Amino acid sequence: MARGSLALKLGVSFTSSSLLLLLLAYHSCSFYLPGVAPQDFSTSSYFGYNKHHLLNSFYLMFCMCFPFDEVELNLFWFSSLYSFQVLTLHLPSQGAELKVKVNKLTSTKTQLPYSYYSLPYCPPEHIVDSAENLGEVLRGDRIENSPYVFQMREPLQCKVLCRITLNAKTAKEFKEKIDDDYRVNMILDNLPLVVPFRRSDQENAVVYQHGFHVGLKGQYAGSEDLKHFIHNHLTFTVKFHKDSQLDLARIVGFEVKPFSVKHQYDGEWKNENMRLTTCDPHARRAVTSSDSPQLIEDKKDVIFTYDVAFEESDVKWASRWDTYLLMADDQIHWFSVVNSLMIVLFLSGMVAMIMLRTLYRDISKYNQLQTQEEAQEETGWKLVHGDVFRPPTNSDLLCVYVGTGVQFFGMILVTMIFAALGFLSPSNRGGLMTAMLFLWVFMGLFAGYASACLYKMFKGTQWEKITLKTAFMFPSIVFAIFFVLNALIWGEKSSGAVPFGTMFALVFLWFGISVPLVFTGSYIGFKKPAIEYPVKTNKIPRQIPEQAWYMNPVFSILTGGVLPFGAVFIELFFILTSIWLHQFYYIFGFLFIVFIILIVTCAEITIVLCYFQLCSEDYLWWWRSYLTSGSSALYLFLYAAFYFFTKLDITKPVSGVLYFGYMLIASYAFFVLTGTIGFYACFWFTRLIYSSVKID
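Numbering (this note's numbering), first residue to last: 63 to 758.
It is worth saying that the hints were derived from the structure and are not from the lab.
As the structure is a prediction and not an experimental result, all values here were calculated from the model.
It is possible that part of the hints are untrue.
[Unchecked claim] 30 Å max Cα-Cα, derived DSSO-like pairs, lysine-lysine: (1) K301 with K231; (2) K319 with K362; (3) K332 with K527; (4) K237 with K362; (5) K301 with K362; (6) K279 with K163; (7) K279 with K378; (8) K301 with K221; (9) K163 with K361.
With the hints as extra help, turn the sequences into a complete structure.
Put into C-alpha cells, the structure is as follows:
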C-alpha cells in the first residue's frame, strides 16, 4: 500500500515537473526579437514518434509555436511510469497555402503613395484590408489581400490571373504611373518583395530594389515614339530554409522578376483556365524575356500571369533580413563617427583649457583680492555676477521651449535605446513611428516638470498659463503644418492622406493623454522648492560695454551651430535617403553614437561661447545659449534644400511642398532639441563658476 502510494506521489511529481518544463519551454519560445514570430510550413502530413522521439515531440508541440489552424494530438496509454508508447501529431500537409499581400504603390519622383487597387489590377473576390498600426497609416501603407495565392513548395508556371480590357481612362492611369516611376510593393510572410540586381562594380554582389516597376517606356517595332509597356507577368522566387531534422520550412526570401509579355491564345477567351500560346507549362514554354511586350493603349486586352519557383536556402529565419539590409557602406558610417569624434575632441580640449587653466586662474585671482580698489580694477566674468542671473526678456517663452526640448530629448533617447536593442527593426513595419508618437505623448510629464521648475526660478506665479503654452505651442504649430500638407495629399487622392479616424486618434493622444500629463508634471514641478541662484541679482541692470565684431550675437549664434551640424551631417545623408528614397534605415548603433556625440558637441560649444561672452561682460546669456546650439537646425534645413536639388528627382510642385514642409517640421524639432541641450549646459556652467568665487 505504501509502495503504491509512493509510486502515485512519484507519478504526480513527475507529471508536475514535466508540465512545468513544458510551460517554461513554451514561454522561452514565445518571444522573438526583432519582428514577428516565425511561421513554420510542414512538408509531410504525419509524424509518428515512439518513446525515443518524446523530447522532439514535445519541442515540436510547445516550442515551435505552430500557426496552423488545426493540430491533432493523440497520446496513447503508457504501460509504466517511464514508457510512452506512441505520440502522433497531425499537421498541414505539403502545400500549405501562401497568400501574397499587396501594399501601396510608391514613387521617389512624387512621394505620393497610392493604393494598389487604385490601378485596375486583378482583384480577389473580396478585398480585405489588413489591420495596420498607427505608424503604418501615417506612412501611407495600405496592406490588402491579393489573388496571388499558391501552395508551399509546389511550383507554378504560367498561372493566369485574369484578363482586363483597357479603356482611355485606365490606359492613361497606367501611363502616368509609369512616367512617375511607380513601383508595386508586395508582402509574403512579412517579407517585402524585392527585385535582385547584379552590381557591375563588385563581383558576385547583388543589390535589391524594393518592389517592381509598374511598367517601362521604350521604342518598339521601329517606332521613334516612346511607348508605354506594362509588367503583366511576374516570376516569383520563394526562398525557404528547411530544418535538417524536422520536415519543416520557413520562408527566408521573396524575389520577383517582372516581364512585359503580349500573351496570345487560340480561339475565344473563356476563363482563366485558357491555355496560352506564349507560355504553356504543358509545352514547357516559359516567359524569360520581354521581347514581345504588352503595349498600353485604349481597348487593348492585358492578360496577367505569374510563375512561382521555390529555392532552398542556407539562410536561417533569424538572418533573413540581413540580405535586405546589406550594409555596403559601413566605412562611411565609421568615417562619420570618427569625424564627429574629432570635433568632440577639439571642443573638449577647449573646454578643458577653460575649466582647468583659465577658470582656475580667474577664480584664484578673484578670491585673493584684498581691497575694494583691486576689485574695481579687475575685468572679466566676475564683474557681471550681479546681473548674470537676471531673468531674460520673454522668460515665459524660454520656459516653454526648454520644456518642449526636454520632451523631445526623452522621446529620442528612449527610442534610440529600443532601436539599438532591436525592438524597432524594419521587420516591424510602422513600429518606429508608433513608438516615437507614444513616447512623445508620455514624455509630456517631463516637459511640464521642466518648464514649471524654470518658471518658478524666474519668480513666476501663474503656472497654469505656462503649462497651457507648453502643452499647446509646439504641437499646435506642427499640427497646423501637418494639416495643410495632409490636405494637399488628400487633394491628390493619395493613400498617404491620413484618414479622419487616424486624425481623431492623434488629437485624442494630444488632448487626452499628453495635455493631462503636462499639467501633472507642471503641478509637481511648481510644488518643488525654487532653484536657488549662487549669487544675488542687483536691482539696477549693469550697462553692457561695446562688444567686438566677433562677439556680435548674430555672428556668435550662427557660428555656434556649425559644429553640432558638422557632427551629424554625414549620418543625416543616410537618414534623408531612407526617408525620401524609400530605403530601410537600420544602423541604429551608429546613430546612437552620433546622437551622444551631438549632445556633447552642443554642450561644449555653448559653454565655450558662453564663457567668451561673460568675459566680455555681456550677461545676456539665457536666450543666446539656447540659440547658439539651436542654430544648427538652420544648417539642417539648408542641407535638406541642397539634398533636394542634388539627389532627388521630384518634379511635381505638390511633392516639393510636401518635402520642404516635412523638413521644416524636422528642422523645428531639431532646433528645440539642440537648443535645450545647449541651454542646460550653459546653465550648469554659470552656476558652477559663480558658486566657486567669493562675492562680497
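Against the structure, the hints come out as follows:
no.: 1; hint: K301 with K231; verdict: violated, 38 Å
no.: 2; hint: K319 with K362; verdict: holds, 23 Å
no.: 3; hint: K332 with K527; verdict: violated, 73 Å
no.: 4; hint: K237 with K362; verdict: holds, 13 Å
no.: 5; hint: K301 with K362; verdict: violated, 35 Å
no.: 6; hint: K279 with K163; verdict: holds, 27 Å
no.: 7; hint: K279 with K378; verdict: violated, 39 Å
no.: 8; hint: K301 with K221; verdict: holds, 19 Å
no.: 9; hint: K163 with K361; verdict: holds, 29 Å
Hint compliance for this structure: hints 1, 3, 5 and 7 are broken, all remaining hints hold.
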